[in-house]
Structure formats: structure tokens, C-alpha cells
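So the sequences go chain by chain: A, B, C, D, E and F. First residue of the first sequence? That's 1 in our numbering, and the numbers climb one at a time after it. First residue of the second sequence? That's 137 in our numbering, and the numbers climb one at a time after it. First residue of the third sequence? That's 273 in our numbering, and the numbers climb one at a time after it. First residue of the fourth sequence? That's 409 in our numbering, and the numbers climb one at a time after it. First residue of the fifth sequence? That's 545 in our numbering, and the numbers climb one at a time after it. First residue of the sixth sequence? That's 681 in our numbering, and the numbers climb one at a time after it.
Check before you lean on any hint, since a few could be wrong.
The calculated BS3-like cross-link candidates involving lysine-lysine, where the alpha carbons are at most 25 Å apart (straight line), are [what the hints assert, rightly or not]:
| hint | chain 1 | residue 1 | chain 2 | residue 2 |
| --- | --- | --- | --- | --- |
| 1 | F | K712 | E | K667 |
| 2 | F | K712 | B | K203 |
| 3 | A | K67 | B | K168 |
| 4 | B | K245 | E | K594 |
| 5 | E | K635 | E | K621 |
| 6 | F | K803 | F | K748 |
| 7 | C | K395 | A | K123 |
| 8 | D | K531 | A | K50 |
| 9 | E | K612 | B | K161 |
| 10 | B | K227 | B | K161 |
| 11 | B | K168 | B | K227 |
| 12 | F | K747 | F | K803 |
| 13 | F | K771 | C | K304 |
| 14 | D | K475 | C | K297 |
| 15 | D | K440 | D | K458 |
The hints are simulated quantities; they were obtained by calculation from the structure and are not laboratory data.
This is what each chain is made of:
There are 6 protein chains.
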Amino acid sequence: MIYLTRRERFSAAHRMFRQDWSDEKNREVFGKCSNPNWHGHNYILWITVKGEPSEDHGFVMNINLLKKIVQEKIIDKLDHRNINLDVDFMKGRIATTENLAVAIWEELKNAIENEGACLHCIKIEETENNLIEYYG
Amino acid sequence: MIYLTRRERFSAAHRMFRQDWSDEKNREVFGKCSNPNWHGHNYILWITVKGEPSEDHGFVMNINLLKKIVQEKIIDKLDHRNINLDVDFMKGRIATTENLAVAIWEELKNAIENEGACLHCIKIEETENNLIEYYG
Amino acid sequence: MIYLTRRERFSAAHRMFRQDWSDEKNREVFGKCSNPNWHGHNYILWITVKGEPSEDHGFVMNINLLKKIVQEKIIDKLDHRNINLDVDFMKGRIATTENLAVAIWEELKNAIENEGACLHCIKIEETENNLIEYYG
Amino acid sequence: MIYLTRRERFSAAHRMFRQDWSDEKNREVFGKCSNPNWHGHNYILWITVKGEPSEDHGFVMNINLLKKIVQEKIIDKLDHRNINLDVDFMKGRIATTENLAVAIWEELKNAIENEGACLHCIKIEETENNLIEYYG
Amino acid sequence: MIYLTRRERFSAAHRMFRQDWSDEKNREVFGKCSNPNWHGHNYILWITVKGEPSEDHGFVMNINLLKKIVQEKIIDKLDHRNINLDVDFMKGRIATTENLAVAIWEELKNAIENEGACLHCIKIEETENNLIEYYG
Amino acid sequence: MIYLTRRERFSAAHRMFRQDWSDEKNREVFGKCSNPNWHGHNYILWITVKGEPSEDHGFVMNINLLKKIVQEKIIDKLDHRNINLDVDFMKGRIATTENLAVAIWEELKNAIENEGACLHCIKIEETENNLIEYYG
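Just chain A, with the same shape it has in the complex (with noise of 0.2 Å):
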């Protein structure tokens, strides 16, 4: 078995806050990650798929074509983007790295199963200092 990561970047916007909290309420949990007039990051993402190298080309998974899945899916869809605002994916869950973890794995899981690898790993890294890994 052999894993094979892709690192890809994206720039967007995001707050952390409930609708049903009161300011005070989410000031206190989420300090000042919940600014009413957002902040932002470059969101570092590492997609692990694992498998069988082939014994035609050598590869787990051709890596364009991974990179076309990742792009189409994912980047073209946060990067330059409000999380909370513009992700069809992202509607109804708390823009924290966690829930942003999870609903990347589910958008991508299909899309690289259907090309014969086995999705294994979604890393985020929000800053330099935070990282947040997800295994399904």
C-alpha cells in the first residue's frame, strides 16, 4: 500500500459564529474569530489517497487527474471565497477547520473511489501554528 498526497492552497474569508447565539455569547466562545465583519486565510489542504501502485504506469492514481478532481471540486469552490457566504457545502455547519475537514472528505470521497484509489487522509492547516487532520 502506497500514499500519495497532493498539497493545494486556497485564500478565503470566514467567521465563526451561531445565528442563535447572542454577540457576547460567541465573543466568549470564539474570541476574535467571530468579528462581525469577517477575517481570512491561506488555507493550506493536503489530500492523502492510498493503494496499489499499478503495475502499467506506477502510479497509485494519476496525479492530474487527482489535481482535476481537487481543483473542480474543491478549490474552484472555496478559493477567493466566503466560506460562510459562497460554499454550497459548507450551508448549515460552523466555518471552524474541523467542519471544514469533514465536508471536504465527503465531497471528495466518490469522485477518488471512482478512479479505483481509496480517499485516506484530509489535512488542513489554517495558520502556521494550527492544523487539523480528519481519516473519515
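Based on the hints, put chains B, C, D, E and F in the right spot on chain A.
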């Protein structure tokens, strides 16, 4: 003459657009950077000051003092904020990194000179592929 | 299950040696790392905790709480210190990165469990070419 | 159990192609990576070994010994070489990073076990956006 | 005056040698860099332009235009290529990073001036330890 | 004129203090950097030389020669050492990075000129957030 550089970071939302332009004109000039619902970045900021090292303590400028000035005048105002809406010294300027570098220079210049050093360069990385430098 | 990682840094002096060995024996086993006048590193520390994201706020664990625990129990004791001489939880252990990782695990485990998360991994980079991981 | 990782680098040329395929077929499957006049990379290689830290000296494995093994068996054969033409252990394999990781594992496994540690992972970064891991 | 830097990358094979020198002389001067079967690198290229930010849109130069010029004139010709054999603007020059920086300067200078900015610096990183700068 | 930069690293202990000052005065000026039992860093050092590329071989200066000079005159003396106690060229100077940059310049200047190049800059990173440059 010795050059001392301090690296700081802030995460902010912004949008590039002119109110006196139509949406099409904004999109034509600024592309996806004009997204109406904002996007954001992890900005990296390097402040370079220059001077003779003190014979007393061997520093160009006490780094803790430099940190304090930059924290109060720049980071507290930009971090987890919206550059267009929340930042007093960016009012009336298009939120490009070029304009941000000039504005940060203006905010810091006197405070650093008051401590006996000289501001040399403001460098800002917007993404890992784009950076701006301003030398006054 | 989601994995949340916080990155922290500390700068410390250390020396690898055993008091019950001769200087030659120490130099033979530990090489230049046994220099009697110490040397030092910018250590990078990653603390990974795991758990289910809260339905209430979407986090595995509040990152500010994690930062506070690590700051008080680890960074305040190691940063700008001598690992052999100044750090209570390293007393009686050879100052290898292996032993440091185990000691940090022991210092953090209960405090993190008390907040409802589970400590998963302590990773320490001593130089850009050497790193240690410990999973309990 | 402790995991110790050593980072090494090598700069090499390679080309992905199969001699039993036409030029068109090679270009269709491998794209620009099949360029007949080669291309190259600064590969980064992480070797992870695992074991119990010695009570004698506190190491999983002496890092200088690990460096020496990797230098002789891997770096001296790959650095400033052509992976397809110059490297004995890659003969008969397509020069993908997947196959390279498996081959490096096979070259190192016994030598590391002879020193009392256990090889855990070979990780190779081909570019900053693509990496491969192999766990045997 | 503002300085705007764009970072780009290309992966290429090369070899340092002179055809009018013997193999021994080439190996004596260029060492392992003269390996007859080539080797390669992930080159990182920074292009710095300078100018006054436009009052119209706040940019020194539209970054998308700069990307397009560099892509067509430099990256398309160097990426996944052999610098000695495949690159028209390196014909007749020894494939050192010094010569590459000068050649890239010559390829870009007019195209950037035609857009109203001024080329300031070409910086190339060959490995993480070696880099070259050229200011014209 | 071409600028060639070599990156090197060394791990060292140090302490900032003046013997003719009281402990309180040292702590007031140098803060935690005056810890009596030392602390340490992974210093990164960039040495930049400048010159015309040789028509003979295309280099500003043979990089292997530059490495050898820096290894013997700087790295062998600083790596895994105590800057205050073990380093001849730092005797009598406060162990700030400013003073270290000046001292390294003085150690290297003649040796580089003897090889036909010109020393341009000494840059030292003490931590990822603090760096010093000296141009003679």
C-alpha cells in the same frame, strides 16, 4: 550600519474594488479578488529597521520594544479584521498589498525614529507566491 | 474522530552526557552533542489531540485553552532555559529529544483529558533534519 | 515506542516512460514527465525508524549511524544522478516516486534492523505539492 | 517606488560541462554537477518588478499579467525540460544558475517594460542552500 | 554583477549579559535572554558574495570553495558550541546577533577576496521571527 528584521503575522479579510466602478469593471480589473463577499489571507509582515548597534547593549534596537510598537500600531488593528471595513489607516485606500505596505510604513515611521532607529523596509507576503516591498 | 495539532516553539540549551561516564566515553557516544559548555536549538513542538468535534461549537477542543495549557506546563518551563539544569520534569533524564517527548507527554496528558479531549501525539523537531514522535 | 525521523535531500534527473510504449502513448499517460531529454527534482527524503529508547544513552538509534547508512546506501547512489540510468536498485522499474519509495525501503530495511531499530516509513517529496509515503 | 515579487517554480535537468574540456577537467571543475547522464532540480524563481502604484487600481503591475508573461516566456520553456538541450535562450551558455539568471533577465526585460513597470531582480534558488540574484 | 548566496546552519548556546552589570540590570535589559544557565538556537547563516561570472566556468565563485571557507572559519567554531565561552572571535563582545554578524564578516572578508570575489552580506536568522543583516 546593521539591519534588524522582525517577522509578524496577521489574518485578515479584504476585497479589491472601487465603489465608483460597476461590478463588471471591478471583476475585469481585479478578477476573483473583487468577490463581493470578501476573501482573506494569512499575511506575513517583515519590518526592517537599521542603525548602529549600541555600545551599551549591542542591539540596533531592543526587539521587545519593536514588537510592542508593531503589535499596538499594526497587528492589533489588522489581525482577525476586515482591511476594508475595520482598519482606520486603510480608510479611503484600495485594499491592495501595495497600499497596505505604504500605510504601515506611515504608521510606524515616527514611533521607530523616536526610539533612535530608522525604518528601512516594510515587506508583506500576501500568498506564498506574491510579495510587496516598500522602502519609503 | 478529528485530530487537532498546535505548533509551538522554544529555544533552549542542552547537552547530552552521563555523569557516570568519562569525558571520552561521553564524546564517543554523544559526539559534539556532549560539548561541556552546552549548545542549543530552536525546538519546534507539535501537540496533537483527538476527539469528536462538539455539536455546540464545532471544535475538538478550544485552541485557546490548548495554547494556555501548553504555555503554562511546557513553554514557560523550557523557553530560554537549559534543559539539563532548569527544567523540573527533565531531572534525572538524559536530555535527548526522545526523552523530552516522553516527558512532555506525561506533563500534558491529564490536563488535556480534563478538557474532554485525548492526547494523541507529541512531535519535536530538534533541527530541520531530525525529528521525534511519541504516541504514548 | 518512539519514532525517529531523519531528513535527507538529493537532486536527480529522471523521466517517466515505458520502452514498450510509443512516444504518443508515453506522452498521453505521463504527460510532460516523459520529456525525452529528462527533467529533474530536488527530492526530499524522510526515513522514519521506530524502537524503544535505549536506557544506556536515551536514543532509539544513534542518528549518526542512521545518517551513515542512508548516505552510503541511498544518497551516494541518487544525488546528482539520473534515476533511470545510474541507479542500480531502480533498474527495471518505472521511475515514479512510488517505485522509488519501495526501492529505498528494500535497500534500508536490513541495515536498520541490524542496528536494533525497525524501519517504519519512507516519505519522499518530489515537488512541494506532491509526496509519497510507504510503510512496507 | 514599490517592489512587487512573483514566485514561480520549474523542475528541470541540467549538467555543467564544457565540450572543449576533457571529462577529467570537467569533473575537476564542476564535480558531481558534470555527471554525463544529467541531474536536476526544483528551481524556485522570484521575479521582482518596481514602479509607482497606479492611482487607478493601486497595483504596481497587474499580477495576472506578470504571471502570464513569465509563464509564456520562461516556465513553459524550462519546466520539465533539459536546460542544456531544450531551452533556446540557454544555447551556447554553460548551464550555471548565474547564466540562467542573466538569460531570464534578458527574456523578460522588454515585455515587462512594455507594461509600464521596470524589471528589478531575478532571483533563483537551485537548492535550499544555494541561490543567485541578478539586478541587470 | 551577480550575487551568490550560500546557506549554512549552526546550533549554539549563548546568553546575553554584561559582567559589569548586576543580575537585575541584565534581566531588565536582556530579559529571558540573560538566563544564567544559557539557552540556544538553530542559527541560519546566509553568506552573499558578488562578482562577475567567470567566462571560463560561468561561476561567480566555486560554491565548493565557498563552503569550505565557511565551514573551516565559521561553522566548525560555532556549531554545537557556546558562543560566549567557546568562540575565539566572539571574545569580549556581547553575544547579540548584531555582534555575531559583524564578527563573521571580519572572519570571512579576506578569505573570500583572496579567491577573487567580494563579500556582500552576512545575514543571520536567530529565530524564525528575528533576523540581522550586515553589509560591511
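Outcome of the hint check:
no., hint, result
1, F/K712 x E/K667, "violated, 38 Å"
2, F/K712 x B/K203, "holds, 15 Å"
3, A/K67 x B/K168, "holds, 20 Å"
4, B/K245 x E/K594, "holds, 22 Å"
5, E/K635 x E/K621, "holds, 13 Å"
6, F/K803 x F/K748, "holds, 18 Å"
7, C/K395 x A/K123, "holds, 16 Å"
8, D/K531 x A/K50, "holds, 14 Å"
9, E/K612 x B/K161, "holds, 20 Å"
10, B/K227 x B/K161, "holds, 21 Å"
11, B/K168 x B/K227, "holds, 22 Å"
12, F/K747 x F/K803, "holds, 16 Å"
13, F/K771 x C/K304, "holds, 21 Å"
14, D/K475 x C/K297, "holds, 21 Å"
15, D/K440 x D/K458, "violated, 38 Å"
Of the numbered hints given earlier, the model fails hints 1, 15; all others are met.
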